[in-house]
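> Sequence:
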Amino acid sequence: MTRFDSIRHVWSKTIYNVALKRRLNQQRLVQEVGLVKDTFWGYFPLSEQEFEKIIIKGDVYESIIVD
Numbered sequence: 005m006t007r008f009d010s011i012r013h014v015w016s017k018t019i020y021n022v023a024l025k026r027r028l029n030q031q032r033l034v035q036e037v038g039l040v041k042d043t044f045w046g047y048f049p050l051s052e053q054e055f056e057k058i059i060i061k062g063d064v065y066e067s068i069i070v071d
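Quick note on my numbering: the sequence shown kicks off at 5 and runs consecutively.
Calculated directly from the structure, the hints in this document are not laboratory data. We put the CB at the ideal spot given by N, CA and C, even for glycine. There is no bait here: all hints are sound.
In silico EDC-like cross-links for lysine to aspartate or glutamate, where the CA-CA straight-line distance does not exceed 16 Å:
# : residue 1 : residue 2
1 : K25       : E66
2 : K25       : D63
3 : K61       : E36
4 : K41       : E54
5 : K25       : E56
6 : K57       : E36
Restraint-style ranges between C-beta atoms, simulated for each label pair:
#  : residue 1 : residue 2 : range
7  : N21       : S51       : 13 to 21 Å
8  : Y65       : D42       : 25 to 33 Å
9  : V64       : Q31       : 13 to 21 Å
10 : F44       : S67       : 25 to 33 Å
Based on the provided sequences and hints, a complete structural model is requested.
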């Protein structure tokens, strides 16, 4: 047994940063996208619908998104 066997790993599909042309603050993300206000805002999963709403409301350049 190695020291890494006892470590719990969390894997992510992909993580990228993209600039939003329109700023989305927490209030808009909760009211318009449907995110939960009490969620820790550091790192959490998004549904496909939440992701699409953020991309649309943030006015992201479409060619950046790879489906």
